[in-house]
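Protein chains: 2
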Amino acid sequence: MPRPSIEFWFEFASTYSYLTVMRIGDAARRAEVDVVWRPFLLGPVFLALGWNDSPFNIYPPKGRYMWRDLARLADKYGLPFRLPGRFPRNGLLAARVALIGAREGWVERFSQAVMAANFAEDREISEPAVIADILAALALPADDILQRAQAAPNKLALREQTDRAVELGLFGAPSFRVDGELFWGNDRLEDALAWARGERLPPAVG
Amino acid sequence: MPRPSIEFWFEFASTYSYLTVMRIGDAARRAEVDVVWRPFLLGPVFLALGWNDSPFNIYPPKGRYMWRDLARLADKYGLPFRLPGRFPRNGLLAARVALIGAREGWVERFSQAVMAANFAEDREISEPAVIADILAALALPADDILQRAQAAPNKLALREQTDRAVELGLFGAPSFRVDGELFWGNDRLEDALAWARGERLPPAVG
Chain Y
1 MPRPSIEFWF EFASTYSYLT VMRIGDAARR AEVDVVWRPF LLGPVFLALG WNDSPFNIYP
61 PKGRYMWRDL ARLADKYGLP FRLPGRFPRN GLLAARVALI GAREGWVERF SQAVMAANFA
121 EDREISEPAV IADILAALAL PADDILQRAQ AAPNKLALRE QTDRAVELGL FGAPSFRVDG
181 ELFWGNDRLE DALAWARGER LPPAVG
Chain F
207 MPRPSIEFWF EFASTYSYLT VMRIGDAARR AEVDVVWRPF LLGPVFLALG WNDSPFNIYP
267 PKGRYMWRDL ARLADKYGLP FRLPGRFPRN GLLAARVALI GAREGWVERF SQAVMAANFA
327 EDREISEPAV IADILAALAL PADDILQRAQ AAPNKLALRE QTDRAVELGL FGAPSFRVDG
387 ELFWGNDRLE DALAWARGER LPPAVG
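Going down the list, the sequences are from chains Y and F. Counting with the numbering used here, you get residues 1 to 206 for the letters of the first sequence. Counting with the numbering used here, you get residues 207 to 412 for the letters of the second sequence.
One thing to keep in mind: the hints can contain errors.
Unchecked claim - From the structure, some residues in chain Y lie toward chain F, with a derived Cβ separation under 8 Å:
# : residue
1 : F56
2 : Y59
3 : G169
As the list claims (entries may be wrong) - EDC-like, lysine to aspartate or glutamate: derived pairs with alpha carbons at most 20 Å apart:
#  : chain 1 : residue 1 : chain 2 : residue 2
4  : F       : K282      : Y       : E199
5  : Y       : K155      : Y       : E104
6  : Y       : K62       : Y       : D187
7  : F       : K361      : F       : D350
8  : Y       : K62       : F       : E387
9  : F       : K282      : F       : E396
10 : F       : K268      : Y       : E181
11 : F       : K282      : F       : E327
12 : F       : K361      : F       : E333
13 : Y       : K76       : Y       : D26
14 : F       : K282      : Y       : D179
15 : Y       : K62       : F       : D393
16 : Y       : K76       : Y       : E190
17 : Y       : K76       : F       : D385
18 : Y       : K76       : F       : D393
19 : F       : K268      : Y       : D163
20 : Y       : K76       : F       : E387
21 : F       : K268      : Y       : E7
22 : Y       : K155      : Y       : D143
23 : Y       : K62       : F       : D369
24 : F       : K282      : Y       : D187
25 : Y       : K155      : Y       : E167
26 : Y       : K76       : F       : E396
27 : F       : K361      : F       : E373
28 : Y       : K76       : Y       : E121
29 : F       : K268      : F       : E405
30 : F       : K282      : F       : D393
31 : Y       : K62       : F       : E213
32 : Y       : K62       : F       : D350
33 : F       : K361      : F       : E310
34 : Y       : K155      : Y       : E127
35 : Y       : K76       : F       : D350
36 : Y       : K76       : Y       : D144
37 : Y       : K155      : Y       : D144
38 : F       : K268      : Y       : E167
39 : F       : K282      : Y       : D26
40 : F       : K268      : Y       : D187
Hint data in this document are derived by calculation from the structure and do not stem from the laboratory. These numbers come from a predicted model, not from an experiment. Note that CB positions come from ideal geometry on N, CA and C, so glycine has one too.
All chains, please: the whole structure from these sequences, using the hints.
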C-alpha cells in the first residue's frame, strides 16, 4: 500500500492556518502521513462568497471571538502569539514563494517562518524585504527565489491553484483533502490524518 | 470551592447543537462540571449579523461541507443522523419548553429527544403535536407544559435570554460560557469543560 497523504490548503493571512502550519509537520510525521502543501489565496474564495474582506472583519462578534480563541489555542499548543498590527496581511508574495518551496522541499520551514513573522513577531509579510530576510535566514538563495516567484509561470500556477480551491468547494483555511473528503479548520487536522490512515475518527478528549 | 459549571447556549434548529446536546450531559458528569442549559434563538442573533437565514443556506459551499462534516461527526460520536427534509426548522416552541425544563430538571432528556426528532427522525419539531408527543413519551404533563410554555412570562423569558446572547457576543450555537470566557462550537466542549475545572486546555488527539 502507498503511504497515505493529505492535501493541506492554507493561506498566510489566515489566523487558524497559523496554528496548523506550525503543527501539521510533526503531527503528520507521527501519524506516518505525507503532507502535500497547497498554498492558495483566500481573497478570491471569499469574493466568490460575496465577502470583500475577512469575515472576521465583516462580522465583529466573530472577529472578537476569533482573536481570543486564537490566543487560547496558541497557549494550548505552546505557540507564541502576538496580536498583529494589521489583519489580514496580504499573503500573495509568500504564497508564490511557498509554491516554489513545495516543489523544492523547503515549504514547511519557510511557511513556519512566515507565519511566525505574521502572528508572533508582527512583521509585514507582504513586503519583499521581509520575505527575503526569511529566505536568507533559512540559508536559501533569496534573490533567485523571489525572481522565480514573481515570474509569469509561477504567478499563473498560484492563480490556478486558487481557482482549483474554489472548484473543490473550499470556503476557508486551513482545509484538508483526503481521498475526496474535505475537512475544514485547524480543529479537523487530527480527523483528516486519521481519515488518511483509514482509521475511525479519533474520539474527543474529555 | 464550589463545583465548577458552564453555561451551555444552544438552539434546536442548529446542526452542531445536535451533537453537543447529545453528549454534553455525560461529558460534564465525567468532568464533574455542572451544566446550566440556556436555550435561545439564533434567528435574532443572525439578523443582528445581517443574515435572514442560516449561513449554511446563504453560503452553499459552507452548507454542503456542514452536512458532510455532521454525518462524519455523528458517526464518530456513535449518534444516529438522517438528513432532515427541512433546514432550519423553527425551534421557537421547543426552546420555550426547554426553558421550563431547565427550571424543573428535565431539560437534558427533553432536549435530546427534540434533537433526535429533528436530526435523526426527520420530524417537524415546530409542530405542537410533535412536542406534545415528546413530552408524553418522557412521562411529562404535555398539556400543562405547553400551556405554560406559551404563556406571556415564559415567552418574555426566552426573548430576554436571546437578547442576552447578543449582548454576550454570541454569534452561533452551540456556545459555552465559563467565567466570562466564550467558547464557540461543538468542537470546543472539551476545552470549555477543562477551563471550568481550571485546567490547561487538553492537547489535541494525534
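Structure-based check of all given hints:
For F56 of chain Y, the suggested interface contact is broken, since its CB lies about 11 Å from the closest CB of chain F, more than 8 Å. At about 5 Å, the closest approach between the beta carbon of Y59 of chain Y and any beta carbon in chain F falls short of 8 Å, and the interface hint on this residue holds. Below 8 Å, beta-carbon pairs count as interface contacts, and G169 of chain Y has one with chain F at about 5 Å; its hint therefore holds. A distance of roughly 11 Å separates the Cα atoms of K282 of chain F and E199 of chain Y; the hinted pair therefore holds under the 20 Å criterion.
Taken as a hint, the K155 of chain Y and E104 of chain Y pair is honoured in the structure, with Cα atoms around 17 Å apart against an allowance of 20 Å. Between the alpha carbons of K62 of chain Y and D187 of chain Y the distance comes to roughly 17 Å, so the proposed pair stays at or under 20 Å and holds. This hinted pair checks out: K361 of chain F and D350 of chain F have alpha carbons roughly 15 Å apart, not beyond 20 Å. As the CA atoms of K62 of chain Y and E387 of chain F are separated by approximately 14 Å, the hinted pair is consistent with the 20 Å bound.
Using a Cα cut-off of 20 Å, the hinted pair K282 of chain F and E396 of chain F holds, with the two alpha carbons roughly 15 Å apart. Pair hint K268 of chain F plus E181 of chain Y holds up; C-alpha atoms about 14 Å apart against a cutoff of 20 Å. A C-alpha spacing of about 19 Å is found between K282 of chain F and E327 of chain F, which places the hinted pair at or below 20 Å, so the restraint holds. A threshold of 20 Å between alpha carbons decides the hint, and for K361 of chain F with E333 of chain F the separation of about 17 Å falls inside it, so the pair holds.
Using a Cα cut-off of 20 Å, the hinted pair K76 of chain Y and D26 of chain Y holds, with the two alpha carbons roughly 16 Å apart. For the given pair, K282 of chain F sits about 18 Å from D179 of chain Y by alpha-carbon distance, which is consistent with the 20 Å threshold. Using a Cα cut-off of 20 Å, the hinted pair K62 of chain Y and D393 of chain F holds, with the two alpha carbons roughly 16 Å apart. Restraint check: the Cα-Cα separation between K76 of chain Y and E190 of chain Y comes to about 15 Å, which is no more than 20 Å; the hinted pair holds.
Note on K76 of chain Y and D385 of chain F: the hinted pairing holds, with a Cα-Cα distance of about 18 Å set against a maximum of 20 Å. Proposed proximity of K76 of chain Y and D393 of chain F is supported: the alpha carbons are some 14 Å apart, at most 20 Å. At roughly 17 Å between alpha-carbon atoms, K268 of chain F and D163 of chain Y fall within 20 Å of each other, so this suggested pair holds. Taking the CA atoms of K76 of chain Y and E387 of chain F, the gap is about 15 Å. The hint holds against a cut of 20 Å.
This hinted pair checks out: K268 of chain F and E7 of chain Y have alpha carbons roughly 19 Å apart, not beyond 20 Å. Straight-line distance between C-alpha atoms of K155 of chain Y and D143 of chain Y comes to about 17 Å, which keeps the hinted pair within the 20 Å bound. The suggested pairing of K62 of chain Y with D369 of chain F holds, with an alpha-carbon distance near 17 Å, which does not exceed 20 Å. For the given pair, K282 of chain F sits about 14 Å from D187 of chain Y by alpha-carbon distance, which is consistent with the 20 Å threshold.
Distance restraint check for K155 of chain Y and E167 of chain Y: the Cα-Cα separation of roughly 19 Å lies within the 20 Å cut-off, and the hinted pair is therefore satisfied. A distance of roughly 13 Å separates the Cα atoms of K76 of chain Y and E396 of chain F; the hinted pair therefore holds under the 20 Å criterion. Using a Cα cut-off of 20 Å, the hinted pair K361 of chain F and E373 of chain F holds, with the two alpha carbons roughly 19 Å apart. A threshold of 20 Å between alpha carbons decides the hint, and for K76 of chain Y with E121 of chain Y the separation of about 19 Å falls inside it, so the pair holds.
Taking the CA atoms of K268 of chain F and E405 of chain F, the gap is near 33 Å; set against the 20 Å cutoff, the hint is violated. At roughly 13 Å between alpha-carbon atoms, K282 of chain F and D393 of chain F fall within 20 Å of each other, so this suggested pair holds. Restraint check for K62 of chain Y and E213 of chain F: the C-alpha separation of about 19 Å stays at or below 20 Å, so the hint holds. Among the hinted pairs, K62 of chain Y with D350 of chain F is inconsistent with the structure: their alpha-carbon atoms are about 40 Å apart, more than 20 Å.
At roughly 17 Å between alpha-carbon atoms, K361 of chain F and E310 of chain F fall within 20 Å of each other, so this suggested pair holds. Annotation: proposed proximity of K155 of chain Y to E127 of chain Y holds, straight-line Cα distance about 17 Å (limit 20 Å). Simply put, K76 of chain Y and D350 of chain F have alpha-carbon atoms about 48 Å apart, too far for the 20 Å limit, and the pair is violated. Between the alpha carbons of K76 of chain Y and D144 of chain Y the distance comes to roughly 38 Å, so the proposed pair goes past 20 Å and is violated.
Restraint check for K155 of chain Y and D144 of chain Y: the C-alpha separation of about 15 Å stays at or below 20 Å, so the hint holds. Distance check on the hinted pair: K268 of chain F and E167 of chain Y sit about 13 Å apart at the alpha-carbon level, within 20 Å; holds. Between K282 of chain F and D26 of chain Y the alpha-carbon distance is near 24 Å, which puts this suggested pair outside the 20 Å criterion. With a CA separation close to 16 Å, the supplied pair K268 of chain F and D187 of chain Y stays within the 20 Å bound.
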